[in-house]
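Engineer: Letter by letter, the chains look like this.
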Amino acid sequence: MIAPGRTYLTDEMVAKIEALAPRYPNRRALTLPALHIVNAELRHVPLGAVVEIAAILGLAPAEVQDTLTFYQFFHQEKPHGKVRAFVCRSVSCALRGGDHLLEHLCKTNGVEPYGTTANGELTIEPAECLGACDFAPCILANDDLLKNMTPETAEAELNKPRARAT
Amino acid sequence: MTPFKPVLLEAVGVPDGHTIASYKSRGGYAPLEATLAGKQPADVIEMVKASGLRGRGGAGFPTGLKWTFLPKDHPGPIYLCINADESEPGTFNNRILMEDDPHQVIEGIILSSFATRASTAYLYLRYEYPRSWHRLQDAIDEAYAAGYLGKNIRGTSFSLDIYLHRGAAAYICGEETGLIESLEGKRAWPRIKPPFPAIEGLFRKPTVVNNIETMACVSQIARRGVDWFKSIGVPADPANPRDPGSYGPKLYCLSGHVEKPGCYEAPLGITARELIDRFGGGVWKGRKAKAVIPGGISMGLMTESELDTPLDFAGPGKVGCLGLGTAAVVVIDDQTSIVDFLHNSARFFAHESCGQCTPCREGTSWSLRILERIKAGKGRLKDLDILLEIGNTMGMMPGSTICGLADGAAWPMKNAIKKFHSEFEDYIKRTNPSGWMVTDPVPALQIAGAH
Ligand SMILES: Cc1cc2nc3c(=O)[nH]c(=O)nc-3n(C[C@H](O)[C@H](O)[C@H](O)COP(=O)(O)O)c2cc1C
Ligand code: SF4
Ligand code: FES
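One line per chain: the protein sequences are W and E, in this order. Going by my numbering, the first residue of the first sequence is number 1, and it counts up by one from there. Going by my numbering, the first residue of the second sequence is number 1001, and it counts up by one from there.
Isolated chain W (complex conformation) (with noise of 0.2 Å):
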């Protein structure tokens, strides 16, 4: 249920981030818990969402909008996808063909990277190294690590559906 007054952040929202705040000695640090919360629900953090948000916590927008543009994590524009796929293009993977498999994935999926399809299904984003070098290439998609893909078996991967990200 939408709280009163509120147009994003609903009560179980708000009942998940209060449920954490005994864990700190102040509101401020709730602000990545509270934007995880809401990103995990509506795959993005509109802005709306952050002055709830700050509202919440008690403080400026401006202060919750700071850390989150700081992270490039929580896409504000629009939804990302359904399924979010992070494509690792580091060393060792870019060792065995992640960046190939990044420029394979965007294009049979006619994406951009961080972009999402038409259909909403899919957003492939480059990162970083995802700290699974033992499987490289990888790839993670939402909480499911694919291991050591080629272009043909992450197409495949990636079609299929998926649990969302916890």
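Rather than coming from a laboratory, the hints here were simulated on the basis of the structure. Just so it is clear, the structure is predicted and the values come from calculations on it, not from any experiment. Some hints here could point you the wrong way.
Stated by the list, open to error - Estimated spans, in silico, between C-beta atoms of each pair: (1) E:T1068 - W:T108: 27 to 35 Å; (2) E:A1059 - W:E12: 48 to 56 Å; (3) E:G1038 - W:E18: 36 to 44 Å; (4) E:D1138 - W:E18: 39 to 47 Å; (5) W:T108 - E:L1388: 39 to 47 Å; (6) E:E1362 - W:K78: 28 to 36 Å; (7) E:G1038 - W:T150: 33 to 41 Å; (8) E:G1377 - W:E103: 49 to 57 Å; (9) W:P113 - E:R1204: 35 to 43 Å; (10) W:T153 - E:V1012: 22 to 30 Å.
Glycine included, every Cβ here is placed at the ideal spot set by N, Cα and C.
Assemble chain E with the ligands onto chain W, guided by the hints.
Structural biologist: Only chain E with the ligands this time, still in chain W's reference frame:
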């Protein structure tokens, strides 16, 4: 000498090895119980100091010594931050510890909190590790249920909560004060030191930041003893009073052009050649190595002739690398272009610079633009001098930046250009036959995807 047996990776491949029952069956949590029953925080600090344990997060700072920098008799709170941001390209040992043996990490956190009198430990976990997140949360829940976390643990006055805090895909959150700023809800801009975190850290309180593998080592030292730990590795160099030695087992991450990439445990001081041959099944496709990264991309490059360098805290520095770093060994075969490698490295650092310090922000993006131009066949020999000049002037070592990211960006550049100068020269002359000797300024290319 008894043959070396992995202990940090003991649980790997054990069915349900990540559960508390399995961990206890291997002797886990007994050292914690014994500590709480009869020891003082100072005893644990003394044990860790005596073991010679040095931090596994990259800088190799002696762990026990770091803990003694906390103010004495502080009214609290004191915080422990566990650094699980693990984003150095090539590095994945923390991930394996968290996924396969989370209790080994948690016992280390509890012992370290007891030693430092911290009553809250925040574990800062990079976003890209969802499996670690779930494994750790389940293990923390088990530890609370078993009475190893919470209020008045085992009837003592010691209380501890561990909270997981997730990052949002930024390398700089691994730098300890960047981590602190990020935890506080701000942009992860590293702080000028001093004050060091031990004096003024998280929420302006005394804080210790330690790596996941460091925590696992604390558990093992408590279980197996100081003598066991000191029997492994490379002793301090008597000729160098500033060398604290490189003791204990180490997790080496082997990746790139090897037959069998993976995380392997070996005594500190094993050489890259031994790692590649004994664990990695050799360079892939029967090829030869052209270069090897000794400890994550920030450390620079070793050439094939430098592969017998011991990978202890002192070794890589002797061949012009920045240090042991994260002990992530990345093998680059003889068919790979070093120009491509350096371009990849420059792209990483230009992307990850937090932008606070001008030499780092401008230096990393300028070097990327130069390398883009070289790769596009418009390189000049002069560019190599410019890249070296950028490399020599950005970083904490020359004193122009707040944190070590800039040194990490500079090292691969300086190493690659010095150690593979003729390859760069040949590349530039071959791809730009009419312009390689130009010394006048040239326009930059438009590049995509950098920001
Ligand atoms: C740019 C940069 C990135 C870093 N990333 C990490 C990291 O991901 N994990 C880590 O443990 N240490 C990282 N460090 C080192 C930390 O600042 C700090 O020294 C370390 O966490 C201390 O833990 P230790 O004493 O147990 O090694 C990084 C340092 C710099 C300069
Ligand atoms: S050296 Fe680079 S990453 Fe570190 S604080 Fe300065 S700009 Fe940021
Ligand atoms: S370089 Fe791709 S996962 Fe590490």
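Engineer: Against the earlier hints, flag every one the structure doesn't satisfy and list their numbers going up.
Structural biologist: Going through the list in order, the structure violates hints 1, 2, 4, 7, 8 and respects the others.
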